[in-house]
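J.: The numbering used here puts the sequence shown at residues 957 to 1453.
One or more hints might be untrue.
Unchecked claim - Listed next, with one range per pair, are the computed distances between beta-carbon atoms: (1) ALA1168 - VAL1312: 41 to 51 angstroms; (2) ARG1266 - ALA1421: 41 to 51 angstroms; (3) LYS1368 - GLY1208: 21 to 31 angstroms; (4) THR1089 - ASP994: 31 to 41 angstroms; (5) LYS1346 - ASP996: 40 to 50 angstroms; (6) GLU1161 - ASP996: 28 to 38 angstroms.
To be verified - Dumping the calculated DSS-like pairs for lysine-lysine here, alpha-carbon to alpha-carbon at most 27 angstroms: (7) LYS1339 - LYS1050; (8) LYS1149 - LYS1235; (9) LYS1235 - LYS1427; (10) LYS971 - LYS1149; (11) LYS1050 - LYS1368; (12) LYS1299 - LYS1346; (13) LYS993 - LYS1301; (14) LYS1215 - LYS1235; (15) LYS1215 - LYS1084; (16) LYS1007 - LYS1091; (17) LYS997 - LYS971; (18) LYS1368 - LYS1149; (19) LYS1007 - LYS1215.
Bear in mind the hints are in silico, worked out from the structure with no lab data behind them. These numbers were taken from a predicted model, which means no experiment stands behind them. Even for Gly, the Cβ is constructed at its ideal location relative to N, Cα and C.
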Amino acid sequence: MSKDYMIYQSTRGCKTVSPSAAVLKGIAEDGGLYIMKDMDKLSFDWQACLKLNTIDKATMILSALLPDYENMAELTERAYRGRFETDDLTPVVKVGEDFVLELFRGPTSAFKDVALSMLPQLITAARKQENVTDKIVILTATSGDTGKAALEGFHDVDGTGIIVFYPDGGVSPVQRAQMATQSGNNVKVCAVKGNFDDCQRGVKETFAKDSAEQLLEGKGVRLSSANSINIGRLAPQVVYYFVAYSELLSRGEIALGDKIDFVVPTGNFGDILAGYFAKLMGLPVGRLVCASNANNVLTDFLNTGVYDRRRPFLRTTSPSMDILVSSNLERMLYLAAGGDTEKVKGYMEELSANGVYQISAEELARIRETYSAGFCSEEETGKTIGKVWKEHSYLCDTHTAVAMTVCAEYKKSSEYTGSKVVVLSTASPFKFPAAVLQAIGGNTEGDEFEQMEELSRMTGVPVPANLSGLKARPVLHKDLTDRDTITEYVMSQIFEV
């Protein structure tokens, strides 16, 4: 591989860095996101990759995306072996005429586990390769699932600490309990008086202030991120697109070279962008269908080219998608603009200053070559959960229901060409027991733990082991901060983790 393709650069034009340095930094000094330069020219033997088992697939894919890592096979083995319910990590289940890619079979019952089991391995290895002796403190904003998955991955990992921010009242009770009961000598969890966008903005502002004012210079601490702004979080998510394709191939559902469409519930755009990366690496990805909940800013953007966050923020039963500022979309803008970092920087400045930007017709056309979009109301979410359970005896969570609703509408559209369709299922239904119970006609009395048990009793689906013991765990984190004091909170706690 040419060394030119090993270089990562900021979407906003900052100087280039090595892949391991990009993982270690998390976010570029100019506020942009790191992306492989000339990624569309990356040479990758996708057909050979399909023949491998899942962990070996991960090794091959991550070695291509992060080629300066010296021991990727060892890292993937440590990250995944024995930590998921199945050896293939993300099983594929046929539901009706479509397929569901179950991404919630990991240690915290959410799709983030695939990436956040790997990221601590990547960061600790990068720390060694870059000869960094400073402690790496991970700052993470979460709309529900990232927080627990990151805490699970980083707790008590040598040379690291982690601080997680979540919107007070903006995650499910189960998600909150998962974070508030997290043990570890190097962890802090703090609720924020605001929504996810406030949490995300506060974390980004902390990175920016540290870069501008060198707040931590010479103090033995560096900041990094576990959000999908970190390329080390995004790259592992490419793996399960290859897993889905090889599974349908092995079952005889498709022939080699046939395209597959993927419907992805997403708010921050990282999960669906990983599918685009898989396509750039040669995988026969057909259309990527972006499924939004009632906070449908991404649907509007993908259909019109106008990104406008100036709208009411809605709290829904699919809280992980309750987002109005989609960070990872910036990488797609970079690709659509042909690597024009000044354009991307301009769009981001317009969004920050005015809350809106509009891309060119050419850029929108380039995006629309691959992407479709739709959204699902709260009422439709519940109806779909009930319908899928009644017709197929398949229990899905609220986010998956959003994707299934959008999938059904997409298949009626002129953009659908008859390809097999895979719906990404991002979380266990037991993380949202009240909404799921109500949708299938169950009794929602009692707290979330009683609701989990009732959901299991009613459906015969077992409660995931990592959730069933939550009630007995002591609450260890009760901190609360204002949305404008996140940086101050970080600086007060950073030497305590």
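J.: Take the hints in turn and mark each one as holding or not.
T.: Structure-based check of all given hints:
Our hint of 41 to 51 angstroms for ALA1168 and VAL1312 is violated, since their Cβ atoms are close to 26 angstroms apart. The supplied range of 41 to 51 angstroms is met by ARG1266 and ALA1421, whose beta-carbon atoms lie about 43 angstroms from each other. For the hinted restraint 21 to 31 angstroms between LYS1368 and GLY1208, the CB-CB distance of approximately 27 angstroms keeps it satisfied. With their beta carbons about 33 angstroms apart, THR1089 and ASP994 fall inside the hinted range of 31 to 41 angstroms.
Hint check: LYS1346 to ASP996, Cβ distance near 44 angstroms, so the stated range 40 to 50 angstroms holds. Taking the beta carbon of each, GLU1161 and ASP996 are about 32 angstroms apart, inside 28 to 38 angstroms as hinted. The hinted pair formed by LYS1339 and LYS1050 meets the criterion: a straight-line CA distance of about 20 angstroms does not exceed 27 angstroms. For the hint pairing LYS1149 with LYS1235, the CA-to-CA distance comes to about 39 angstroms; that exceeds 27 angstroms, so the pair is violated.
For the hint linking LYS1235 to LYS1427, the alpha-carbon distance of about 42 angstroms lies beyond 27 angstroms, and the restraint is violated. Distance check on the hinted pair: LYS971 and LYS1149 sit about 36 angstroms apart at the alpha-carbon level, beyond 27 angstroms; violated. Of the supplied pair hints, the one linking LYS1050 and LYS1368 holds, its CA atoms being roughly 20 angstroms apart against a limit of 27 angstroms. Note on LYS1299 and LYS1346: the hinted pairing is violated, with a Cα-Cα distance of about 49 angstroms set against a maximum of 27 angstroms.
Proposed proximity of LYS993 and LYS1301 is supported: the alpha carbons are some 16 angstroms apart, at most 27 angstroms. At roughly 10 angstroms between alpha-carbon atoms, LYS1215 and LYS1235 fall within 27 angstroms of each other, so this suggested pair holds. A hinted pair counts as satisfied when its Cα atoms are at most 27 angstroms apart, and LYS1215 with LYS1084 does not qualify at roughly 40 angstroms. A threshold of 27 angstroms between alpha carbons decides the hint, and for LYS1007 with LYS1091 the separation of about 39 angstroms lies outside it, so the pair is violated.
The hinted pair formed by LYS997 and LYS971 meets the criterion: a straight-line CA distance of about 20 angstroms does not exceed 27 angstroms. Taken as a hint, the LYS1368 and LYS1149 pair is broken in the structure, with Cα atoms around 41 angstroms apart against an allowance of 27 angstroms. Simply put, LYS1007 and LYS1215 have alpha-carbon atoms about 17 angstroms apart, close enough for the 27 angstroms limit, and the pair holds.
Checked against the numbered hints given earlier, the structure breaks hints 1, 8, 9, 10, 12, 15, 16, 18 and satisfies all the rest.
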